[in-house]
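K.L.:
For reference, the chains in residue letters:
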Amino acid sequence: MNPVVAAEPQHNAERRDPSSAPSSAASEASEASAADGQAEPVLSLSGAAVRVGGRTLWSGVDLEVQAGEFVAVLGPNGVGKSTLIKVLLGIMPAAEGEIRVLGRRPGEAGSRVGYLPQRRSFDPDLRIRGVDVVRMGLDGDRWGVPLPWSRDRREQQRRVYEVIELVGASAYAHRPIGQCSGGEQQRLLIAQALVRRPEVLLLDEPLDSLDLPNQSAVAALIGRICHQENVAVVMVAHDVNPILHHLDRVVYIAEGGAVCGPPSEVINSETLTRLYRTPVEVLSTQDGRLVVVGQPEAPAVHTDRHGHGHGHGHGDRRADRHAG
Amino acid sequence: MSLLLASADSAGAASAWSQPFFHHALLAGTSIALAAGLVGYFLVLRAQIFTGDALSHVAFTGAMAALAGGYDLRLGLFVSCVLVGLLLAGVGRRGKADDVVIGSAFAWVLGLGSFFLTLYTTSASGSGNGGAGTSVLFGSIFGLDGGQTLVAVLIALAVSLAVLLIARPLLFATLDENVAAARGVPVKALGLGFLALVGVTAGEATQAVGSLLLLGLLAAPAGTAIRLTNRPFRGLALAGGLAVGEMWVGLAVAAWIPQCPPSFAIMTAATVAYAATWLRPRRDRRPSALATAES
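Residue numbers (my numbering), protein chains in the order written: chain A, 22 to 345; chain B, 7 to 301.
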């Protein structure tokens with residue numbers, strides 16, 4: 022299948038927030054590799070495509086993400102949003118195209134990439150403290166047991182508490198993680214992904230199964246980390262509304278193709294209609310929330326929903342879930 | 007008066023404590039308990055206690071099969087336990103079998119063991135050795151000779167070292183499989199290697215407390231440790247320490263009271279310690295109203 026819409030790479034240098042100017046060690050590396058003052062993108066995909074079992078999930082994806090940018094990956098169920106994250110992690114190969122993560126091939130950047138997989142909740146009986154779960158992000162891949170007389174122990178502990186403070190989880194970090202609420206667990210897991218000071222944070226539906234106040238709180242937290250710590254964030258999302266105000270760019274994936282650009286240029290009736298080749302309408306509520314009406318489902322989801330076509334009538338029923 | 011009683015009893019105990027069989031039991035028991043405690047901690051944390059239950063059935067059958075085939079009983083123990091441990095790792099947690107299938111399979115495996123036992127006791131080499139079955143089922147830690155003790159100690163220490171070596175990545179893989187895999191932790195290999203260690207430990211524990219009771223040595227100290235601390239590495243150390251302590255108490259009681267078999271005394275010590283943790287008031291439990299309000 023041909024790409025539906027030729028994705029236009031958005032050069033967003035002018036969109037860069039001046040407050041996210043280089044301030045940390047993260048940007049030094051990119052400065053060193055920048056040839057003419059123009060920072061090299063943290064992530065870049067050109068003409069990327071992925072096939073799973075002979076079926077092309079998406080193709081023709083062009084995307085450049087700069088340090089400190091917040092990018093959301095949107096689209097209906099089963100279209101391969103999580104697959105994009107896996108490709109960036111190097112867990113899955115891309116069928117076509119050139120993909121660079123921090124100037125290297127996916128999977129080679131090691132601890133410079135933080136990852137938060139699709140939400141898994143901890144067993145309520147799991148009696149391990151949140152701080153220990155965060156700490157696993159720091160040294161969990163090292164062999165042996167942590168020795169109490171080790172020299173860098175104090176430094177490591179300081180870093181763990183620093184990152185827990187950053188996500189605002191200090192109050193419950195010493196509680197068994199199984200007894201923390203969903204939002205609390207998610208904050209601790211974000212801390213775990215951040216503890217090694219990654220330059221890129223890949224998040225797979227971090228707001229899924231959180232209640233609304235927690236969704237906006239965690240979204241604000243991610244936006245703050247992104248802009249304050251100058252971490253590039255790529256986040257798969259089901260619903261764009263909780264993160265809309267924090268976003269720099271969106272990648273909207275449909276069956277076969279994708280569009281990238283600032284939210285206002287992508288999430289509108291014209292672009293999505295072109296992308297889906299079927300009439301799609303984007304409505305804006307009074308408080309600025311976006312509702313996508315008439316968006317077709319991916320084929321995998323299609324089969325278990327009987328008798329619904331691509332008409333508009335069904336849109337409002339699904340609107341809240343698939344808004345964005 | 008209690009002094010009189012104690013002195014009367016201590017005569018028997020003192021004689022037991024100076025015997026070589028008791029020294030062997032103490033050496034082997036200490037190292038086996040350490041290995042069982044450390045392995046058991048991760049077994050409980052990974053919710054794989056069920057694997058230990060399966061191995062307790064297999065250990066008996068493996069030992070009997072080795073005897074019937076004319077080999078050393080321990081060879082059958084280790085081979086069968088490690089193989090089945092790896093097999094269960096292959097089946098994985100997702101391959102959920104029917105309760106009836108599991109029950110029938112376990113009973114069949116145990117039945118197979120009794121078949122091998124009969125084969126052995128009716129053969130020329132095994133005639134008059136009908137106690138072999140009982141000693142595998144219920145352990146014979148007071149019956150270890152010097153050579154057996156040395157092998158048991160060396161294997162148990164190797165298992166303990168291996169667990170400590172893989173402890174941190176294994177904990178990471180247990181808590182957060184996907185993140186650990188993305189970080190380059192060999193999650194699958196670790197899971198497989200860990201179950202091989204469980205198999206070896208089950209073979210070791212069978213020599214101490216018997217195949218029927220080995221689950222207690224794997225589960226009880228670890229369960230106690232997990233209830234006592236929320237810190238993973240402190241819990242690991244505590245599980246090993248508790249298992250060793252319970253082994254010592256059990257052996258001492260068994261030496262003191264001749265009617266009390268060591269397996270029973272060890273299991274009683276382990277169970278009492280575990281039960282005691284339930285009497286301890288819980289500090290960290292949240293008020294349930296708050297928990298439901300926020301979840």
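By construction, these hints were calculated from the structure, which means they are not laboratory data.
Check before you lean on any hint, since a few could be wrong.
[Claimed, not checked] Subject to a maximum C-alpha distance of 20 Å in a straight line, what follows is the list of computed SDA-like cross-link-like pairs (lysine to any residue):
| id | chain 1 | residue 1 | chain 2 | residue 2 |
| --- | --- | --- | --- | --- |
| 1 | B | K194 | A | D162 |
| 2 | A | K107 | B | E183 |
| 3 | A | K107 | B | K194 |
| 4 | A | K107 | B | V85 |
| 5 | A | K107 | A | Q139 |
| 6 | A | K107 | A | P62 |
[Stated by the list, open to error] Beyond 10 Å from chain B on every Cβ pair, some chain A residues (computed):
| id | residue |
| --- | --- |
| 7 | A70 |
| 8 | P114 |
| 9 | G131 |
| 10 | P138 |
| 11 | A238 |
| 12 | L304 |
[To be verified] If we take Cβ atoms under 10 Å as the criterion, some of the chain B residues that face chain A in the derived model are:
| id | residue |
| --- | --- |
| 13 | L51 |
| 14 | Q154 |
| 15 | L170 |
| 16 | P175 |
| 17 | E183 |
| 18 | R189 |
| 19 | V191 |
| 20 | K194 |
| 21 | L198 |
| 22 | R237 |
| 23 | F239 |
| 24 | G241 |
| 25 | L244 |
Where a beta carbon is used, it is the ideal one built from N, C-alpha and C, also for glycine.
K.L.:
Would you list, in rising numerical order, the hints stated earlier that this structure does not obey?
P.N.:
Failing hints, ascending: 4, 9, 10, 14, 20, 21 and 25.
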